[in-house]
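Trainee: Protein sequences appear in the order of chains A and B. For the first sequence, the working numbering assigns the number 7 to the initial residue and increments by one for each residue that follows. For the second sequence, the working numbering assigns the number 7 to the initial residue and increments by one for each residue that follows.
For the record, the hints were derived by calculation from the structure and aren't laboratory data. Any given hint could turn out to be false.
Same chains, same names: a pair is fine if it fits in one copy or spans any two.
Distance condition first, Cα-Cα at most 27 Å in a straight line; then the derived DSSO-like pairs of lysine-lysine [as the list claims (entries may be wrong)]:
hint : residue 1 : residue 2
1    : 298       : 337
2    : 555       : 514
3    : 370       : 514
4    : 555       : 337
5    : 298       : 28
6    : 118       : 514
7    : 473       : 555
8    : 21        : 136
Spelled out from the first residue to the last, the chains are:
Protein chains: 2
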Amino acid sequence: MSVPAESWEARAAGKRARTLAKIPRAWRLDPAQLNSAKRQRNLTGAFINRFLQPREIEIVSQDSVELTRAISNAEISAVEVTTAFCKTAAVAHQINNCLHEIFFDQALERAKELDTYLTENGNTDQFHVKGVDTAMGYVGWIGSNLGTKDPSQAHQVESQITTELLSLGAVLYCKTSLPQTLLFGETKNNIIGQTLNPHNQNLSCGGSSGGEGALQALRGSTLGVGTDIGGSVRIPAAFNSIFSLKPTPERLSYREVANTNPGQNTYRSTAGFLSTSVGGLELALRSTLSAKPWIRDPAVVPIPFYEDEIFLVRERADADGGARELHLPLKLGVLWTDKMVGPHLPVLRGLRTVVSALRDAGHKVVDWEPPLHATAERIHASFLEADGAHDVHSHLDLSGEPLISDLQEAFQLRPPLDLLETQDLTLRGLEYEAAYSDYWNSSPDDGQIVDAVIMPVAPHAAVIPGKYYHTVINLLNYSVVVIPVTKANKDTDVVDPSYQPLNDLDKKNWEAYDPEAYDGAPVGLQLVARKFEEEKILGIAQIVTATLKAQGMTNCNTSVG
Amino acid sequence: MSVPAESWEARAAGKRARTLAKIPRAWRLDPAQLNSAKRQRNLTGAFINRFLQPREIEIVSQDSVELTRAISNAEISAVEVTTAFCKTAAVAHQINNCLHEIFFDQALERAKELDTYLTENGNTDQFHVKGVDTAMGYVGWIGSNLGTKDPSQAHQVESQITTELLSLGAVLYCKTSLPQTLLFGETKNNIIGQTLNPHNQNLSCGGSSGGEGALQALRGSTLGVGTDIGGSVRIPAAFNSIFSLKPTPERLSYREVANTNPGQNTYRSTAGFLSTSVGGLELALRSTLSAKPWIRDPAVVPIPFYEDEIFLVRERADADGGARELHLPLKLGVLWTDKMVGPHLPVLRGLRTVVSALRDAGHKVVDWEPPLHATAERIHASFLEADGAHDVHSHLDLSGEPLISDLQEAFQLRPPLDLLETQDLTLRGLEYEAAYSDYWNSSPDDGQIVDAVIMPVAPHAAVIPGKYYHTVINLLNYSVVVIPVTKANKDTDVVDPSYQPLNDLDKKNWEAYDPEAYDGAPVGLQLVARKFEEEKILGIAQIVTATLKAQGMTNCNTSVG
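In isolation and in its complexed conformation, chain A is listed as follows (with noise of 0.2 Å):
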């Protein structure tokens, strides 16, 4: 390998500015403007809006059902659409540094073929898109789409997913920040720096899909698409008041995507999608899956949508005229903590606005006490450290670039985990997922089983930066839509000084908790099903919206829609 003749630093500093150079004049802010933006807490809504005339914020509060269908009766056309959501995510950019790519003049290009079904798609920097870099946050990508192995690939590969969602018109314009190494719960790199939370600028956006999440909370985008293996669609998510599924590993395409260490294959990353509405969610699985993924990838499962799955449930809460006066209540299982770390107050009472709202609906919730999640986090944590950080040096290798700050110890090279070691391990995953699923079908004292657990997405709202301790697990690979329930509020969220910390870790997590500081940060819940229940989930979890925006409960989506 030869040398680079340019410092990493000069390569990421080129990289930022031929990615702001791609923002036409017209939309860029003026310094007074970014000014105003740097001082401001929140950016969503109000402050955004500014930058934008009435018909874009028109256009960008809707979500992709609502667009799809007026694009589809022509009362809009596509190159409007698109117009809008470049100018947005461009505005969003300067002031949120929520961008890996732009590609807007492609985008308008392909609008401009397009005269119906159309999404409008972010997509966090692991998607191959022809003719644009796949960085993944590492320096030593920059140019080479290096997740694609043939440097003589550049720019030509195509992740499945990414022609999936354009054979069913979608228009992508651009692709979203992510953390360096994607294992880490917050959106930082050594290009871009780092994108903090557009609802709060103290705040982390999360990560991997960090930047997604941003952008979608900034309008800047209805629909994209991320992966997750340790929580990376789901933080994002939660902390920007978003929606989005993780579906179950093989449901969707992860061909030519580009991925830290793919060769650990024991748990895997699955692709998923966040979006400003459950219906946008629906529409994306529903969509991608009539492309049939498992016919060109072998590694999909052949489970093609079901729609009598989203219709039972969707009966259910309809039948009798509301969710109130159900024949069939949901049941739905509540996990208060994991045990290892408590859920910090914002958390905790958005738990319990969803349990009273279900409850006072006329649903069921049931404690949810399963086999211990530290088993589980102990195992899963082995398999994402099992390399001994090989993977993610030989691409720090290719730029010189170091190691953020952040992940420095976790991603020190060491000796790789012995092999019996890992085979040990992995019998040991299968035997709690066993464990677990007999605990889920041991739940039905009523004849009923448990249709969903409510879960924390993490210990506390949006973080605060450097204070993420504690990572989802993800053993299961279960089906995963999470929903944005509330905002941490200073008055209601006040510190109880009896807390007894169960360990640690739970003590340090405890103490970050700063009312001042995480006022306004979202918190978003998980809602969790089994194995490839990708549609149940979707639909229980409109039932969920409908009834906590039917008690008047949730105070989460002024600036989503």
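Put chain B on the given structure of chain A with help from the hints.
Mentor: For chain B alone, coordinates are given in the frame of chain A:
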């Protein structure tokens, strides 16, 4: 661990004696009868029938579908059917040494309780049945069910698929023999010695499910459960002139099934069926899936039995009154050789027979030239060998028994593979799968992609013991049905002296062909469809066998109806 007081030889001999002692006196053969069997080349059909009554022969000549129909219609009792199969299995074991466990009492007890739906099931000795040993060929497992790890659980555990079969009305009455380690294409271990081929006692019955294959050739079973990671349900079917279904892993439950090195979960062993008819396989799959195994086993993908798929294939076959006038003929690929080891003449003739019959019936057959199987074979073998035989030796060490001579080289204890190397192999395996899938998709020169591919199961008919050199690849996890096609014939399958071996291994295999020894050896072929296409490949297998039968081109089924 305490040192076993008894020698492994004594423990193995004790086990053999206890198994034989479980055969009721009335069913025991006398020394003259046993000697006549030893002198007999072919034990199937007429020979074994001399020890049975006409009514018993009538019963055991029927397949699972006919028997379940007869029992459901109360034309015959469950007890009478069970008795006939127990007696046949008892005779088969005395002349062919194919059982590990006998529990006829338990079976007859159960048959008395049943008056409706019932299938007669053999069971390879990996599946836990309550009250019965699972020794899986290891002396050290005798009496303790070590597959379950917890000795207090001895004989208490039931494999999930056992539970499912029982819930569906199956009667289990014996467990059939396997090779030590399961990873061998013949059936030999230190407990029972070896099981030979009932069609030709010079030859092996194959492995790992060799005992089940042999028992079915002798009509002592119509349906059996086995597992396959490298050919273990396919090879015994091909060698014993019966049928088998190797599904995609995760289609059926593997929960609580004993296995070699279950921590190697990258390339998974899969549970499958052996049967005396395609209809028996279809019945087994439909029945097992009707129990929704995914609810209790989180490793199972929730895909119900697709009746549509079966009917679609059948309708094609029946259109316009016969296969010859199909509107939509099947399009099948044919893999003449895997380019590592060329097929012996009986196998080549088998391929030609099928291709010619299919073409005559109006189906399309095209040559299949996929990415080199050698690539897949190397990757697959690396995973099977990755743990350096540590798992196998841990079980051998329980009793002090040695490896059988055939396996001493392959299973020598050695350092496990390096984890990074394993992860790299994982990636190369995924790439191979994707390339194979691309090749499959590239086939529609005529607008029709290949429905399935016809391949040898092994490069030879039922093999001469000690001459099994080459293993069938399984890297792709495809859905496979094995069908019997022909038998080796010393008069037609004469050696071609001009053959140029491809390599040393091919030379060794080619030289091992002996027309005299192989005469009468069954030849089966595999029909391969893509992942999770079990219903489709069963439907295609029905068309192919019907086509062969209609053209009088098969001599495979003389003893299996």
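Trainee: Take the hints in turn and mark each one as holding or not.
Mentor: We went through each hint and held it up to the structure:
1. For the homomeric pair residue 298 and residue 337, the shortest alpha-carbon distance between copies (21 Å) is at most 27 Å, but the shortest distance inside one copy (32 Å) is not.
2. Taking the shortest alpha-carbon separations for residue 555 and residue 514, neither the intra-copy value of 35 Å nor the inter-copy value of 75 Å comes in at or below 27 Å.
3. Proximity of residue 370 and residue 514 under a CA criterion of 27 Å is satisfied in neither setting, with 34 Å inside one chain copy and 69 Å between copies.
4. With identical chains, the CA atoms of residue 555 and residue 337 are at most 27 Å apart within one copy only, with a shortest distance of 19 Å there and 55 Å across copies.
5. With identical chains, the CA atoms of residue 298 and residue 28 are never at most 27 Å apart, being 35 Å at best within one copy and 54 Å at best between copies.
6. Taking the shortest Cα distances, residue 118 and residue 514 never come within 27 Å of each other, neither inside one copy (53 Å) nor across copies (65 Å).
7. Neither within a single protomer nor between protomers do residue 473 and residue 555 lie at most 27 Å apart by alpha-carbon distance, with minima of 31 Å and 72 Å respectively.
8. When the C-alpha separation of residue 21 and residue 136 is checked against a cutoff of 27 Å, the pair qualifies only within one copy, where the shortest distance is 18 Å, while the shortest distance between copies is 66 Å.
Of the hints listed earlier, those the structure fails to meet are numbers 2, 3, 5, 6 and 7, in rising order.
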